[in-house]
Amino acid sequence: MKMQNQVKITFASRSVNEGFARAALAAFLVQLDPTVPQLADLKTAVSEAVTNCIVHAYPDAIGPVTMTAALYEGGIVRITISDRGVGIPDIAKAMEPMYTTGDPSERAGLGFAVMQSFMDKVRVSSTPGRGTRVTLTKRLEARD
Amino acid sequence: MAKVCFVPGSGTLAAYLSGEIDHHAAQSLRCEIDAQIDARLPELLTLDFSGVTFMDSSGVGLILGRSRHIAALGGRLTVQNPPAAVRRMLDLARVTYA
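Residue numbers (our numbering), protein chains in the order written: chain G, 967 to 1110; chain D, 6 to 103.
Any given hint could be a false lead.
As the list claims (entries may be wrong) - So the derived list for chain D, only partly shown, Cβ under 10 angstroms to chain G, looks like this:
#1 Ala30
#2 Arg35
#3 Leu46
#4 Ser62
#5 Gly66
#6 Leu69
#7 Leu78
Unchecked claim - Selected chain G positions facing chain D (Cβ under 8 angstroms, derived; list incomplete):
#8 Lys1009
#9 Ser1013
#10 Pro1025
#11 Ile1028
#12 Glu1072
#13 Ala1079
#14 Ser1083
#15 Asp1086
In short, the hints are calculated from the structure, not lab data.
Fair warning: this is a prediction, and the values are worked out from it, not measured in the lab.
Built from N, CA and C at the ideal position, the CB exists for glycine as well.
Isolated chain G, as found in the complex (with noise of 0.2 angstroms):
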């Protein structure tokens, strides 16, 4: 699979970044003239990724958060969201639908749901005390 083309973003996990990584997303995928839904699904995906690492990884501190976004031959976006912040001990628990460590009355713990419903693909590696990486994978089906 070639790579057309790449960019990669680093910034500090404070809330008001979620916003800017969704649009600095949607900036780089201008190239692939995407439909709007498509275009609000990835959005969505990052948007919950993003979250994760403010709410989750850093949750005492603001540490950074990396966002990779590489576009493949075939209309193939794999967007790469990392932190270098607490890691996740259990992968498959916090995978789990309406499980959240965060605050329950105020977090739907859908995190995770939502980035599976609304890609093709989702990756997640972590190591406890070392950080947490996940990968999104999406076709884009070119327009009629």
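Based on the hints, put chain D in the right spot on chain G.
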């Protein structure tokens, strides 16, 4: 940037949400809506999403949190007018709407 405008009625309170609702925006929206709930004690709170251009699962958390808050005070909450992108999120979370 998300905003909320309130229209109080007799025993009712409508909150018209607009803009992008993510975890960042939900924090201030939560405070604004809860302050209105606590001040007016409505029997029915309606959250109107017609002006919302983006919403991730933080918006679902915002709805569920407000629902619990108003239920504890004896009221109830409804959701109305979600655009397509918001409907998809609500359907995933099994939140009903009008």
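A quick look at each hint next to the structure:
1. Ala30: 8 angstroms, holds
2. Arg35: 7 angstroms, holds
3. Leu46: 19 angstroms, violated
4. Ser62: Holds, about 4 angstroms.
5. Gly66: 4 angstroms, holds
6. Leu69: Where the cut-off is 10 angstroms and the nearest Cβ of chain G is about 6 angstroms from D:Leu69, the hint holds.
7. Leu78: 14 angstroms, violated
8. Lys1009: 7 angstroms, holds
9. Ser1013: 4 angstroms, holds
10. Pro1025: Where the cut-off is 8 angstroms and the nearest Cβ of chain D is about 13 angstroms from G:Pro1025, the hint is violated.
11. Ile1028: 14 angstroms, violated
12. Glu1072: 4 angstroms, holds
13. Ala1079: 7 angstroms, holds
14. Ser1083: Given a least distance of 6 angstroms, the restraint on G:Ser1083 holds.
15. Asp1086: 16 angstroms, violated
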